[in-house]
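With mature numbering (1 follows the signal peptide of the UniProt record, and there is no 0) as the guide, the letters of the sequence shown map in order to residues -20 to -1, 1 to 117.
Just to be clear, a hint being listed does not mean it is correct.
The following label-pair restraints were derived from C-beta to C-beta distances [to be verified]: (1) Glu19 x Asp96: 29 to 39 Å; (2) Asp97 x Asn22: 11 to 21 Å; (3) Arg26 x Glu68: 17 to 27 Å; (4) Asp93 x Pro10: 15 to 25 Å; (5) Asp93 x Thr65: 14 to 24 Å; (6) Asn22 x Arg91: 18 to 28 Å; (7) Pro67 x Ala99: 34 to 44 Å; (8) Asp97 x Glu76: 26 to 36 Å; (9) Glu23 x Thr61: 27 to 37 Å; (10) Arg26 x Asp96: 16 to 26 Å; (11) Arg26 x Gly98: 30 to 40 Å.
In silico EDC-like links for lysine to aspartate or glutamate, alpha-carbon gap of 20 Å or less [claimed, not checked]: (12) Lys72 x Asp11; (13) Lys72 x Asp93; (14) Lys71 x Asp105; (15) Lys71 x Glu19.
Worth flagging that the hints you see were computed from the coordinates, not collected in a lab. All residues carry an ideal CB built from backbone N, CA and C; glycine is no exception.
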Amino acid sequence: MMQLSTAMICCALLFIGGHTHEIQCTENIPDAIKVPLVEAINEKRRDLGNVVYESDCNLATEAFTGELGSVTRDGYTARSTFDSTWPETIKKAVEEMSTSAFATEVGCSTRLDTGDDGAHHVTLDCKYNTAGGKIIR
């Protein structure tokens, strides 16, 4: 009986602690990444006029989880070697992107990994919305 009780308690604890939480933009996508990303993209898009790029939580969730919403969205991936700060690293990654992929809203997730050479790399997986169904060029 004692073993059964212990097993049931363990199962209950695993069930309670083992569930996944939904992504929360303020916790899973910190401003230290979001703000430099939006600034770097807007800096690159300066010549497009008054179009302002904004961060979108739903798009970030799609990029983070890999799950698509009701609409299939385009996206892009950028990779950069980690510099001394997030803003420098993200700016370098954005410089490698084609501006034709940029629209009006973006949501990105970030992954960090270490290469065989010991260098740290940042990968941005992004989803974006286009204005009026057209990609802004």
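Each hint, compared with the structure:
1. Glu19 x Asp96: 29 to 39 Å: holds (32 Å)
2. Asp97 x Asn22: 11 to 21 Å: violated (32 Å)
3. Arg26 x Glu68: 17 to 27 Å: holds (19 Å)
4. Asp93 x Pro10: 15 to 25 Å: 18 Å Cβ-Cβ, so the 15 to 25 Å window holds.
5. Asp93 x Thr65: 14 to 24 Å: holds (18 Å)
6. Asn22 x Arg91: 18 to 28 Å: holds (23 Å)
7. Pro67 x Ala99: 34 to 44 Å: violated (19 Å)
8. Asp97 x Glu76: 26 to 36 Å: violated (19 Å)
9. Glu23 x Thr61: 27 to 37 Å: violated (20 Å)
10. Arg26 x Asp96: 16 to 26 Å: Cβ of Arg26 to Cβ of Asp96: about 37 Å, so the range 16 to 26 Å is violated.
11. Arg26 x Gly98: 30 to 40 Å: With Cβ atoms ~36 Å apart, the hint holds.
12. Lys72 x Asp11: With Cα atoms ~18 Å apart, Lys72 and Asp11 stay inside 20 Å; holds.
13. Lys72 x Asp93: Within the cut-off at roughly 17 Å; holds.
14. Lys71 x Asp105: Measuring from Cα to Cα gives roughly 15 Å; hence the hint holds.
15. Lys71 x Glu19: holds (8 Å)
The earlier numbered hints that this structure contradicts are 2, 7, 8, 9, 10.
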